[in-house]
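Participant: What follows is each chain in one-letter form.
Number of protein chains: 6
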Amino acid sequence: MLNRNIETFLGCDNSYDEAKAVVFGAPFDSTTSFRPGTRFASKTMRGDSYGLETYSPYQDKDLEDIPVFDGGDLELCFGDTSAALGQIEAFTAGIIADGKLPVMIGGEHLVTLGAVRAVFAKYPDLQVVHFDAHADLREDYLGASLSHATVLHRVWDLVGDNRIFQFGIRSGDRSEFRWGKEHVVTRKFDFVGLAAVVEKLKGKPVYFTLDLDVLDPSVFPGTGTPEPGGVSFMELLDAIQTVSGLTIVGCDINELSPVYDQSGVSTAVACKVLRELLLAVIK
Amino acid sequence: MLNRNIETFLGCDNSYDEAKAVVFGAPFDSTTSFRPGTRFASKTMRGDSYGLETYSPYQDKDLEDIPVFDGGDLELCFGDTSAALGQIEAFTAGIIADGKLPVMIGGEHLVTLGAVRAVFAKYPDLQVVHFDAHADLREDYLGASLSHATVLHRVWDLVGDNRIFQFGIRSGDRSEFRWGKEHVVTRKFDFVGLAAVVEKLKGKPVYFTLDLDVLDPSVFPGTGTPEPGGVSFMELLDAIQTVSGLTIVGCDINELSPVYDQSGVSTAVACKVLRELLLAVIK
Amino acid sequence: MLNRNIETFLGCDNSYDEAKAVVFGAPFDSTTSFRPGTRFASKTMRGDSYGLETYSPYQDKDLEDIPVFDGGDLELCFGDTSAALGQIEAFTAGIIADGKLPVMIGGEHLVTLGAVRAVFAKYPDLQVVHFDAHADLREDYLGASLSHATVLHRVWDLVGDNRIFQFGIRSGDRSEFRWGKEHVVTRKFDFVGLAAVVEKLKGKPVYFTLDLDVLDPSVFPGTGTPEPGGVSFMELLDAIQTVSGLTIVGCDINELSPVYDQSGVSTAVACKVLRELLLAVIK
Amino acid sequence: MLNRNIETFLGCDNSYDEAKAVVFGAPFDSTTSFRPGTRFASKTMRGDSYGLETYSPYQDKDLEDIPVFDGGDLELCFGDTSAALGQIEAFTAGIIADGKLPVMIGGEHLVTLGAVRAVFAKYPDLQVVHFDAHADLREDYLGASLSHATVLHRVWDLVGDNRIFQFGIRSGDRSEFRWGKEHVVTRKFDFVGLAAVVEKLKGKPVYFTLDLDVLDPSVFPGTGTPEPGGVSFMELLDAIQTVSGLTIVGCDINELSPVYDQSGVSTAVACKVLRELLLAVIK
Amino acid sequence: MLNRNIETFLGCDNSYDEAKAVVFGAPFDSTTSFRPGTRFASKTMRGDSYGLETYSPYQDKDLEDIPVFDGGDLELCFGDTSAALGQIEAFTAGIIADGKLPVMIGGEHLVTLGAVRAVFAKYPDLQVVHFDAHADLREDYLGASLSHATVLHRVWDLVGDNRIFQFGIRSGDRSEFRWGKEHVVTRKFDFVGLAAVVEKLKGKPVYFTLDLDVLDPSVFPGTGTPEPGGVSFMELLDAIQTVSGLTIVGCDINELSPVYDQSGVSTAVACKVLRELLLAVIK
Amino acid sequence: MLNRNIETFLGCDNSYDEAKAVVFGAPFDSTTSFRPGTRFASKTMRGDSYGLETYSPYQDKDLEDIPVFDGGDLELCFGDTSAALGQIEAFTAGIIADGKLPVMIGGEHLVTLGAVRAVFAKYPDLQVVHFDAHADLREDYLGASLSHATVLHRVWDLVGDNRIFQFGIRSGDRSEFRWGKEHVVTRKFDFVGLAAVVEKLKGKPVYFTLDLDVLDPSVFPGTGTPEPGGVSFMELLDAIQTVSGLTIVGCDINELSPVYDQSGVSTAVACKVLRELLLAVIK
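Chains as they are written, first to last, in the working numbering: chain F, 32 to 314; chain E, 32 to 314; chain A, 32 to 314; chain C, 32 to 314; chain H, 32 to 314; chain P, 32 to 314.
A couple of the hints might just be wrong.
List of simulated lysine to aspartate or glutamate pairs, DMTMM-like, C-alpha gap at most 25 Å [unchecked claim]:
no.	chain 1	residue 1	chain 2	residue 2
1	P	Lys51	C	Asp204
2	A	Lys314	E	Asp204
3	E	Lys212	A	Glu106
4	P	Lys219	F	Asp91
5	F	Lys92	P	Glu170
Just so you know, the hints here were simulated from the structure itself, not pulled from any lab data.
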């Protein structure tokens, strides 16, 4: 009697019941205007995580000691953005209802909106910490209000002024930066000030969204809109350990596009970031 | 005084006024469920058409003798399928109103629906000739009624029974083939019977939609869903010359995905097919 | 309560108990001397089979009607060829003991030897039908007796003279062809004579091994040692339907190397061939 | 009435008359001895600049405020180096005659010679600032005096001793470095001393030539002869802002080879560098 | 005492003295106007010929029985077309002077002119048999008289009317085809009539030039200007065996561009074609 | 009379007799469990070293002044790990017997074991300096004791406790790090402490093994198991110059996998590292 073929992200092979966190994929990139492909991120990460160890020499922790369940990928409706976001919201809400931490793998950055809606429904005082190359603060983009380029504006519609803390931002149009000055807290280019934000938000529920293109394209070429001038891998690892001081009630990593990652190094980076993130935020 | 940098498909450098046909791109692939990338087709074809001649030794005709205008690409809304189709419909309607032939470069196959709506508005007795590997006849797909996999069903909603003539079909689920038997005329695998259909439709207004994946993937690897077992390049050229016997009032070629065309051969095929199509159908 | 993430080849989602056939991967390519990579075949095929239908318009059959179980991939020892073959043999023997048909996805061609050993243990009068570009009949290769280039010689060590029937062979050194004339039945270049062989072997237990490089590289570029001059996809489909007249007690397809399949067309071919093979040989 | 399809680099959509600067492509790489492909740079940059913003958060300036005209690409004669340089020289001279700044996109580095000839004809006291990994100071290369490897020696033939200021040089043969010590000012590996040079050249006419391979290949892999050990993107941005203190009367960026830029990150870098350069040097 | 590292094309490891034929590379593509890269052909073929056998099951001959010397690659001057052709001519003349058959691996098609000059100097009644997708008959191209697109016109300048026999031609501008009708013998699309030409030229000295893009791009994608609609691999093999009836005094294969051959299938085709050509023409 | 085609790594064209060091390739990757391809490293490095200079501006030395012989590649038995290691050991022993320095290009890291056996036979007090991302200290891996993941454990079997000095290690399972603490000297992440180790080992015979994946994947993407967080190119160059203070009696660089190096930057890095290593360690 043989077992079915189960594919999970590295070490996330616990049962749902015993798990403290649930990893799942949201393979959606319908609003990506430039170069699509992030829909393949979660599947590719599961496959390539085979080449990675569960043990982190950075944190001296091991994923084998932390119960995580991998719920696979949502089957999302391409071309109907509202429907897809609804699916993500419902799935996330179920995980939260069971008292577990949702850890979503995008997909384009817009998927964050679905997850934030579910988390915000439970935590009305939700704060958002946001690592990204792009401000993502447009009111609308190419006529769409639901877009990868508007997602943090849509999150702001929910949480309101001064609840969003952005780091690493190095791209946006002039109006986004101007609007941002009034409504969100933006640190351009790097993570300076992150520790102070973590201190300030201590004890409050936080959603953490990590657009991997905050990394420099030399480190992370496999993304739709590479923006030179980003942070290094070690700067990001440090920032993730800093973030572990927060009370994270939901998180995601997004914008890995394996189509543009011919050597596989971006997927390796994404896998290691996810490993470190799981080790850092699951208490 | 220098001129602006104008990029057109091979030889399509006539003015709008003098043109009999208008080539334009519809770079949309939001509903593509498997591998996106057809949004890059029209731009890539314009660039690579540089390597092609305007003269066809097959038809002994030259594009320099036929006035065509290249209107560039529509800027379509990603993630809002209805809006994008509306843009395509309006643009096509304008071309038709000016008495010119619309020749659209997709994008995913769903873009055909926008163009057919505009053409059907003028020609209520419209017939449709369809070359494809896939039946594209589903009622809905992953919860969406507007999808690359449903597009011919949506066209049928407009034109009704026995107005759609499919050739080369070699993939679909069982229910599509069954539904098709009642409502459309389907030739599996090849072009046998095409000449008879052309004869039968003589004088009637016809929309011709060519999904390039009707070609075998050895000839045309650069597409989202390659289906082995397709027609050869020469079989397609012959079929295009046969189709020239029809009264074509609108046409498109679609589903080239340059992302999966590393060697450029699929783009070369698409360019040559478009050259031959323009030479064949513009009277 | 969520389910674990199960990945199977297209439609092979039945339970082990109800299944008539068991698909499994043997991701091993340690002896490949030129370009490795076939170890990735089974995983890639599972992922890309998402783009394929369960229904075959060629055979008018549907995989949904045929109970198949996908047992996932063996975890084989790289660098220790004997150990890896032992693992394959033991796994195959278990499937046979349960009265099910083993359907292996290689891997390099040497994996066939492991499966044949298990099948031969039960069926001492085993015959072997072999589609390939290469004779694979060397006595040894670069000093190794267990090699992709010697595998059919090793199978002959088991089954003896005139039990192996090769088709499509178009590469080998002079001595292989000479040795082959004495000991096996070889048809060069194509499938002429296959129907007669099927007739002759009727009722006898047959192992069917399909090296996908029997296909022309235009159809199937994604393989370690491409050999121009091969059969077409339709010729192979026809041959598979012919083979369905045999009493197949074990089979495999091998030598897909996704590393050399940038466009994905070879994986699409391999998936479709496996679908057609399952539909053809499971009674 | 539709407009022709105009393709320009990001935001360079002003009329020729109103423009202060003219961007144009010199797609020539005939003398490239190792890996060709820089001929595709300008076209690829125009297409991919779609993914970039006109606003620079580094300089807090916006290309929308600066009138630039994109004159497209020269159609240069491949295989006849002298003829191609003559075409570049004539085109550049026209721009200078109209009182505008020529901004050329190479092509291989030799194209600089054509532009410098035109600029030097107007400014006999021309100074040259040169960022590069390679000294490019050979007297001849493989028997050719006009070569990417000799271009700065040819420029020296015009401007004479101590008028060329090189930065970032980390490759060359021993004789080049020795010759260079007598005739040009070379800073190896980095930009130390650039501010002093800018100070020294204040008010003098300067041609600025930027071989993008001065960047480390991790940042800029898409070039013909990658040289590890280069400067970072932020170091280059800083240097460009320093260079803005000069009186630049002509400039170019060169040696992007999209053929070796599978992920597109090098093109993204080149686009951003050109944006920053335009914002920095147009007064 | 170790030997130096010698790299030869498959089986061409005889000494110069004992060799009947000399294989050498002419890695030049300076005039290629569209996509360069053929300069890498000869080196790549030597490396990948490792995966091929010396024995041909088509001709039942073995390269081990035929003495061939591989002279490596010429080091040609990029950017100075005349100089490069002079180098090729001189090298070829040396081989002829030693009574051996020159077998050149291009490079772009223009390299043929250098070799033909040397052969014509010895054989003033030289005939030329030419397989190609392109007529290559322009008087000049982009202002250059020495170009891949003019090479057969330049050969005609030497040999005169009705000495050039073209097969497989499917691309050219209208004027080339018209000029060709007066001066050369052109068979479009295929090899029909080749046997008759061979019969007619029996006993006369013939230079045979094979542009591999005569093959369909499905078979041979790795070339600068792919032209769909070409011949199959088996058609080419047959034609090569037909050509063996000629008195070939010089020959070449050209236009393999490994840069566009990601899967390696085109290199495999080129290697096998060269093996079959050597087996066919060396008497 | 022409010379045979000799291919050597940059400048290593001296005769065996006059050479102080012998470069050779060990193209073996049979035990690589994740992504194979290092077998192509040495051949690719020889070809691409064409783009590199023999002169180092870092060390102000020139390879033309240092006699090195390139012995080509061993032809190793794939699939029989013991046999392959035996071949490497014998070849290395011959070089040592002739009083020359062996400089091996891997291949996977396991090839180091073959060379170390030969060197250890002559120098029983051998010390080992090891740069790597991975500890490679497992007792066995997937059932194999001879594996890329166990190679330093096997070396320890020979040399014993505290003779192995590791730098840059950032990956391994928890048990490897624990075992390592007892038996080897491990510096995680960087080269801190290297100078002290060099001082301590002064005068003792040292084998230096450099797994190129110690570099960050941004610098060196072309490797089987990329590990983000590595050292920079300049850090490695510095470390190599530090290592030149040792008495190196054998060395290797390994784990370049050209299959995953589409842009060629990793090969460029490997070539430059080898040039600098030869210049640094040959006395």
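Participant: Could you run down the list of hints and mark each one as holding or not?
Facilitator: Against the structure, the hints:
1. Using a Cα cut-off of 25 Å, the hinted pair Lys51 of chain P and Asp204 of chain C holds, with the two alpha carbons roughly 23 Å apart.
2. Restraint check for Lys314 of chain A and Asp204 of chain E: the C-alpha separation of about 22 Å stays at or below 25 Å, so the hint holds.
3. For the given pair, Lys212 of chain E sits about 47 Å from Glu106 of chain A by alpha-carbon distance, which is inconsistent with the 25 Å threshold.
4. Under the criterion of a C-alpha separation no larger than 25 Å, the hint pairing Lys219 of chain P with Asp91 of chain F is consistent with the structure, at around 12 Å.
5. Between Lys92 of chain F and Glu170 of chain P the CA atoms are separated by roughly 21 Å; this keeps the pair inside 25 Å, and the hint holds.
Comparing the model with each earlier hint shows a violation of hint 3 alone; every other hint is respected.
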